[in-house]
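Number of protein chains: 4
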Amino acid sequence: MTVTIKPAQTLARRWQMTGFGRDNLTLAETPIPSPGPGEVLVRVSAVSLNYRDKLVIENGMGFDLAFPFTPASDMAGTVEAVGDGAGRFRPGDRVISTFSPGWIDGKLAIGNARTLPYRTLGGSHPGVLSDYVSFPEDWFVAAPASLDDGEASTLPCAGLTAWFALVECGRLHAGQTVVVQGTGGVALFGLQIARAHGAEVIVTSGSAAKLDRASALGADHGVDRTAEDWAEAVWRLTGDRGADQILELAGGANLGKSLQAVAVGAHIAVIGVLDGFEISGPASPLLLKTPTISGISVGHRRALEDLVRAIDRTGIKPVIDRRYGFAELPAALDHLERGPFGKIVIDLV
Amino acid sequence: MTVTIKPAQTLARRWQMTGFGRDNLTLAETPIPSPGPGEVLVRVSAVSLNYRDKLVIENGMGFDLAFPFTPASDMAGTVEAVGDGAGRFRPGDRVISTFSPGWIDGKLAIGNARTLPYRTLGGSHPGVLSDYVSFPEDWFVAAPASLDDGEASTLPCAGLTAWFALVECGRLHAGQTVVVQGTGGVALFGLQIARAHGAEVIVTSGSAAKLDRASALGADHGVDRTAEDWAEAVWRLTGDRGADQILELAGGANLGKSLQAVAVGAHIAVIGVLDGFEISGPASPLLLKTPTISGISVGHRRALEDLVRAIDRTGIKPVIDRRYGFAELPAALDHLERGPFGKIVIDLV
Amino acid sequence: MTVTIKPAQTLARRWQMTGFGRDNLTLAETPIPSPGPGEVLVRVSAVSLNYRDKLVIENGMGFDLAFPFTPASDMAGTVEAVGDGAGRFRPGDRVISTFSPGWIDGKLAIGNARTLPYRTLGGSHPGVLSDYVSFPEDWFVAAPASLDDGEASTLPCAGLTAWFALVECGRLHAGQTVVVQGTGGVALFGLQIARAHGAEVIVTSGSAAKLDRASALGADHGVDRTAEDWAEAVWRLTGDRGADQILELAGGANLGKSLQAVAVGAHIAVIGVLDGFEISGPASPLLLKTPTISGISVGHRRALEDLVRAIDRTGIKPVIDRRYGFAELPAALDHLERGPFGKIVIDLV
Amino acid sequence: MTVTIKPAQTLARRWQMTGFGRDNLTLAETPIPSPGPGEVLVRVSAVSLNYRDKLVIENGMGFDLAFPFTPASDMAGTVEAVGDGAGRFRPGDRVISTFSPGWIDGKLAIGNARTLPYRTLGGSHPGVLSDYVSFPEDWFVAAPASLDDGEASTLPCAGLTAWFALVECGRLHAGQTVVVQGTGGVALFGLQIARAHGAEVIVTSGSAAKLDRASALGADHGVDRTAEDWAEAVWRLTGDRGADQILELAGGANLGKSLQAVAVGAHIAVIGVLDGFEISGPASPLLLKTPTISGISVGHRRALEDLVRAIDRTGIKPVIDRRYGFAELPAALDHLERGPFGKIVIDLV
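Residue numbers (UniProt numbering), protein chains in the order written: chain A, 1 to 349; chain B, 1 to 349; chain C, 1 to 349; chain D, 1 to 349.
Check before you lean on any hint, since a few could be wrong.
Have a look at the derived ranges for each label pair, beta carbon to beta carbon [what the hints assert, rightly or not]: (1) 34/C / 11/B: 30 to 38 Å; (2) 58/A / 349/D: 52 to 60 Å; (3) 227/B / 26/A: 29 to 37 Å; (4) 28/C / 110/B: 35 to 43 Å.
Read the hints as simulated data drawn from the structure, not as lab findings. Quick caveat: nothing in here was measured; it's all calculated off a predicted structure. Here a beta-carbon is modelled for each residue, glycine too, at the ideal position from N, C-alpha and C.
Generate coordinates for the entire structure from the input sequences, incorporating the hints supplied.
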């Protein structure tokens, strides 16, 4: 069932790195690829940036990049052509990418104890900051009907990370109290997903203005972590009960605060390490309150499909701080550096 | 259905603390209690000591002890009399205690985020170093038929901790590789329980002699952690696959080693903190290998009943380093200080 | 910590059976009980009826009733006095009953393979159709602040059954499709709980009028099972995907329809047996779609506490078809016979 | 990384159906295939037969077979050549097939509520009764080092089914009581896997001779179901506690017996339907004992890899009733008809 639709253009724009550092980032034109066996050719209409894209551009994050290398992992677009033997999608289908290609369900089937598993688009695989990508059809998921492509492009990494932590690992349900740290992309998805399940949300931030915006999105409580000990604030806000789930996005010694704030038998999802790569905390609350700590590495395709259904069902709209044109990547990276409220999106069309 | 059997004696020996420190530990005689409503009176025949009993004796471990206070939590004995309304046991039944009285199944139902849950025998409740104890019948479990009382007394804390970590939290099954750290009571139960489920066991220790003894008990591999990096040894022994479960008994910075040694999607049970109360480790293996870390606080009664059935079924014999007479408590505490190979038991009869 | 508040009255009204059948149901007055050790005395303000109460009244349902026997299991009220040693509640606290007293969390700890576990209020224990009840404090849960006592009284059986099936056993999350059969108490709680978690709800019924009322409550789709094959309707409404969860309330051969309607790897909760006690269905969809079938027997106290929090958080208001005065029990039983839309409540104050 | 090793022969023997019925089964010779992109060419050395292979030969079992069609799903052999882009295996690696190709982990990702998922080798895909097969590399798993190829060929269907039911769905652990019905391939694997995890095993059979053989394999109890009610026997043998897990292999009304025999809160895995495709049973024990019933459709690749490790670790040797030569397929099918004790294997080399 091979279907080939000849695209009108023959060249695709593509951001590519010829080396590390912003200075080596250029906008090039290369031939539009043809879908190989089992692949689909997708016209990319929006790309969502993650902080890690900035790191890959600056230092490669340890990936063995083949220059010229195109960064970024999260996209939405439309299937233009279908390779030999591919049958999951048809031309015209709107799709989004998967962050960890090939992780379909269950446990990660790559890597081992020594060699950490981390095969992602825009890392071990080429990225998506390009008018066209051609990847195996298994690497895509149908886009939600209720979102435009810019919004849909935020799901593969930030959206799925929050969903996987709260729903897949944390068994989110109504009546739980969820703490999200900060107001970045994962945090705000966490807020929205928790609210959509009838949970109470406490947001911590160092900015009163951002707490106001989080409140407008439905956060029940905002805690200015520069003004008070946020773990004690969680005690206060929950009548000492503590939080049923915490999205630990700061890392470092902040894990210790999460261990203080967590309820008995509850769940901490370790996701981010803004405060430091060496996490630490006191053993007593871990031993005596018996929480579970999950390390989160985005998530699998089945959960992304669940998230897409949930998005369509609940009407959640991803929070996009600002959308940039394709040529404005440098400005978008500057914005990423400053710490956006939610997501940054690059529109290609 | 009140049944009262008059014990022949009227006085019970009892070790009691009149203050903190070994000097304030005395052997007293007090009247044998009568079982209150819902209670059973149990003739204690053996008590198993845990390292925490030493700490309670020395400094109270933060418990609000009412002096004179009898320490120790783990015992085996025989029901002598049954209080009004109690029906779980009959006189003559052999029973063991539960470490966390009232924790029947599921989540801990005590404590909160601020006030850590830790209601144990020999801590928030009186202990068991006494000829007789009278407790609510719900605090006991039928003893395994295949063990003598000294052996059976080791199950409530050390046995259940290892079982709860591996089976209840870790879903132990044949073919897994389990790392146990050291050769104390929990570690050796971990070794035996893992072996009884068809798992492979790696023991780490600082003593070659203890590794030899662990090998005789069925350990597949012994790693002298003073001679090599134990996490790298796990890589070597598993062909880089890593361990499916790790009983983290050292705590402190050793958690970082466990994060290195653990397999993708696997399980670390944090149990002990011999190396330090501030646990720490690198975030990368936690984020990328996505293990689950469980804080373990012994376990609930249903799991102890499961363990008793498993003991009777598999023929596991707890490893007792040495058994002491009731009057020899000080020598037993010295032994505890030195670090026994397995458990220390006090025989009362 | 004994607190005794002398109630102003000394007699309590009480519905009691002196034998089987409605003719043996009388309204009596008996002395207000005093709370025994570990008990609380509760002033009952509302009782919610279940179909089983009608069966107990008519034939005892196999329970060994001690006449005079007071039926019914679900109540809300206010603690008036606290017995010796009881500390969970204080006078003035609003509470609701638990359907299976003593089932705190985890697995049922009563009964065995031969002797089915079924120890309930208004069955193996005395019931609650009385101005006052005195029960062990562990048998109560704090009432939700957002409900009046009549509404709160519907949670212990109908509310918890739906919650336990969908949330505790079925891991409900946003984007799932849930089928509820009929418009009785459990079904409508299922509808509301599913909606509060962002799920899609299909209601089946034999009454177009009831489907309209379910639609007004938020049901996404109504299927008149007298007009079409409801399993095929589920295929149609889900694009053949099937239902993620089905509350099987009819039993009998209807289980076969549920097996047809269920999605791959999804969940069927068997709760009711209106259509027959012998359940049956084809093996092929069970073997090939690999669903899980859970037998549901209401649920444990921890889940009821979770439900109470969820109710307060989400603002769910239980659907009460009609409220009756205490003396109107016979009319309420007639209504139960006809099949109410939601719940029937008896107000005592 | 294409590696091509030219096999010495150029023709492969192959059993093929040119229509339904034994009469249309012929031994043919066809060219040895070349591995396509992502495929591996495997020299088949042993094939294990399942009862369904007999049904496929006789009536196709509803599969849309393209004649000439080669039946059978389970094989062991050696990789001879590796297609373009394939990297999981190298020539010389010993492998076994997966029964449901492409089911890697988690939920089945094929089929839906209406169209039952059932894509298997020797069904929707060509089978393995051939000297050579060339399939996508993802369809194979490394063979256990401790088994010869004939033994290893029994794992993909019968071995994995028992493992998936008991370990993956049922959380098997030491001390559980497991009932296996009959002495076919799945049943005996269930017996061996349960024993390797320290569980107690009750085997039911209509043949005293087979019960003796099961006893020699380690069954703790044998119940002659023609001589007594097997559910009552389970009550007797467990002191009324019931079975923690039941491999329901008979189906039909036997499910009712399993519901009687199962312990409170325990697990029934429905696997076989020898007694009838319409399963049925009383609702009361399902509702009141709250067991979970899982439909089992063999299992995923990750679980097969777990099983392989467990086999190597525990030394389990699959029970093969008889091994036949490649040309003896008709005799092997006759044996299958009679009901073997364990598995039937065809040796190709």
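Here is how each hint holds up against the structure:
no.: 1; hint: 34/C / 11/B: 30 to 38 Å; in the structure: holds, 37 Å
no.: 2; hint: 58/A / 349/D: 52 to 60 Å; in the structure: holds, 57 Å
no.: 3; hint: 227/B / 26/A: 29 to 37 Å; in the structure: violated, 53 Å
no.: 4; hint: 28/C / 110/B: 35 to 43 Å; in the structure: holds, 40 Å
The earlier numbered hint that this structure contradicts is number 3, and it is the only one.
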